[in-house]
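Throw the hints in and build the complete structure from the sequences for me.
Given next are the chains, with one letter for each unit.
There are 4 protein chains.
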Amino acid sequence: MKTNTTELRVYYADTDHGGVVYYANYLKWFEVGRTEILRQAGFDCNDFEKQGVIAPVVEVHCSYKQPAKYNDIITIKTTIENIGNSSIKFNYKIIRKSDNESVAEGYTVNVFVNKETMKSTKITDNLRKALGN
Amino acid sequence: MKTNTTELRVYYADTDHGGVVYYANYLKWFEVGRTEILRQAGFDCNDFEKQGVIAPVVEVHCSYKQPAKYNDIITIKTTIENIGNSSIKFNYKIIRKSDNESVAEGYTVNVFVNKETMKSTKITDNLRKALGN
Amino acid sequence: MKTNTTELRVYYADTDHGGVVYYANYLKWFEVGRTEILRQAGFDCNDFEKQGVIAPVVEVHCSYKQPAKYNDIITIKTTIENIGNSSIKFNYKIIRKSDNESVAEGYTVNVFVNKETMKSTKITDNLRKALGN
Amino acid sequence: MKTNTTELRVYYADTDHGGVVYYANYLKWFEVGRTEILRQAGFDCNDFEKQGVIAPVVEVHCSYKQPAKYNDIITIKTTIENIGNSSIKFNYKIIRKSDNESVAEGYTVNVFVNKETMKSTKITDNLRKALGN
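Residue numbers (the numbering used here), protein chains in the order written: chain A, 1 to 133; chain B, 1001 to 1133; chain C, 2001 to 2133; chain D, 3001 to 3133.
In short, the hints are calculated from the structure, not lab data.
Any given hint could turn out to be false.
[As the list claims (entries may be wrong)] Each computed BS3-like pair below joins lysine-lysine, with the alpha-carbon atoms no more than 25 Å apart:
{"hint": "1", "chain 1": "A", "residue 1": "Lys-115", "chain 2": "C", "residue 2": "Lys-2065"}
{"hint": "2", "chain 1": "B", "residue 1": "Lys-1115", "chain 2": "D", "residue 2": "Lys-3050"}
{"hint": "3", "chain 1": "C", "residue 1": "Lys-2028", "chain 2": "D", "residue 2": "Lys-3050"}
{"hint": "4", "chain 1": "B", "residue 1": "Lys-1119", "chain 2": "A", "residue 2": "Lys-93"}
{"hint": "5", "chain 1": "C", "residue 1": "Lys-2069", "chain 2": "B", "residue 2": "Lys-1050"}
{"hint": "6", "chain 1": "C", "residue 1": "Lys-2093", "chain 2": "B", "residue 2": "Lys-1097"}
{"hint": "7", "chain 1": "A", "residue 1": "Lys-28", "chain 2": "D", "residue 2": "Lys-3097"}
{"hint": "8", "chain 1": "B", "residue 1": "Lys-1028", "chain 2": "A", "residue 2": "Lys-65"}
{"hint": "9", "chain 1": "C", "residue 1": "Lys-2093", "chain 2": "D", "residue 2": "Lys-3028"}
{"hint": "10", "chain 1": "D", "residue 1": "Lys-3097", "chain 2": "C", "residue 2": "Lys-2069"}
{"hint": "11", "chain 1": "D", "residue 1": "Lys-3122", "chain 2": "C", "residue 2": "Lys-2065"}
{"hint": "12", "chain 1": "D", "residue 1": "Lys-3069", "chain 2": "B", "residue 2": "Lys-1069"}
{"hint": "13", "chain 1": "C", "residue 1": "Lys-2050", "chain 2": "B", "residue 2": "Lys-1097"}
{"hint": "14", "chain 1": "A", "residue 1": "Lys-65", "chain 2": "B", "residue 2": "Lys-1115"}
This structure is a prediction, so every number in the text was calculated from the model and none was measured.
In structure tokens form, the structure reads like this:
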């Protein structure tokens, strides 16, 4: 199964008063991960939109293991657990680069829908093949 | 079991390019909900901190039912599902006020820890009673 | 000249690793202020959009006086300094409610434009009158 | 005078309901710019903090020229306009990489202060030399 690895730096903007990354901001990193694994497979989210298709998150889960902190470099490892008829389950590991420790793990389920009707739409064979399934 | 109800308005700041509230921002509303149910019970998060105790989220889950949109008034309904030795499980319903439809539901597990050692600490009887358990 | 006063609570989501509100988040409060002074005058930003008009910020300035902190209640005081042919200059004061101290002051210039052409469009007499000018 | 150039991708997280980058988020890019120009000169903000020094923004200005959009790659060009006794004025240009158009320009004034007393502190000769002044 395909994996995407993307690195990011933690800035003040990502942190909170507790001195660590604010818990909601890990979901922004999940977005980066799934966008980049699709791009790596040759698919740009703008292309989907031009075809009238969007892929909103219908479910998210995250377990926080250790706090990521200001100035850390973190690695987002994204894999695809499952491709259904019209949905994809993405798994994410957020790793602190300096010591390779996992700081958070989670998943999202994204459903491909027609932008106008908001009805689910079948994932194309092209995308399915490109994602290695 | 105690319930807290807090209303908020959706601004541009909360939304994304898809025309709806960005999925990570629901977690900000979960934070509002658990802060306000604690305040309603007489506990201010600043007081915990002065006692050297913080309550980070160790787990979050959210199911997205319908999109909340710009200018909507949303209602955050927070309840407490369970109080363990050192953790609380909060449940959240995000409701669109105009038609009372559920837009999202989720939970967080928060663990009370000593701010210095980051070891878990027992929830006090005062807090337990105030939360109705 | 009309004034709008809106109160908000500071949550973890608004703060950063320095223990204070992150400097970009004051601009979210400016958005709240200008949206609410328009609403108070009977104008809802959704109505403008339905007429094909949006009012993006073309310029912002903010001076930071004192840090707003977690759990503070802050007051956003918004006034209108000037209404041009197609632009409005809004002034904002962010005040800490507990001691009435100014924590930040700033302004934005918003230009009314046609959403399709992005050309500037004249402010209607209705809006001009409602804003007291 | 030294210049730092840093590239970033625009994600959904950065955008708003208007289909463009939310105006407050440009200030996050300004933070990236000034952090990276300091890092390039050999100074890590974590090092300042260990010495008890922080450098909060006391003033920000931004002019918005054209909207940055979802999936754009933007270039942050940061220069230092002036180094005072205890403050630095940073200039920023945000450029859309695809056509080299300026999307926004602005500046911040950052004051170096002692973290405990919040009194301003002299910028060291080391930092002044490294920043090329």
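Each hint, compared with the structure:
1. A:Lys-115 x C:Lys-2065: 45 Å, violated
2. B:Lys-1115 x D:Lys-3050: The hint holds at about 19 Å.
3. C:Lys-2028 x D:Lys-3050: Status violated; Cα separation ~31 Å.
4. B:Lys-1119 x A:Lys-93: 24 Å, holds
5. C:Lys-2069 x B:Lys-1050: 14 Å, holds
6. C:Lys-2093 x B:Lys-1097: Roughly 30 Å between the alpha carbons, so the hint for Lys-2093 (chain C) and Lys-1097 (chain B) is violated.
7. A:Lys-28 x D:Lys-3097: 22 Å, holds
8. B:Lys-1028 x A:Lys-65: 20 Å, holds
9. C:Lys-2093 x D:Lys-3028: Holds, at roughly 22 Å.
10. D:Lys-3097 x C:Lys-2069: 37 Å, violated
11. D:Lys-3122 x C:Lys-2065: 20 Å, holds
12. D:Lys-3069 x B:Lys-1069: Within the cut-off at roughly 19 Å; holds.
13. C:Lys-2050 x B:Lys-1097: 21 Å, holds
14. A:Lys-65 x B:Lys-1115: 16 Å, holds
Hints 1, 3, 6, 10 from the earlier list are contradicted by this structure; the remaining hints agree with it.
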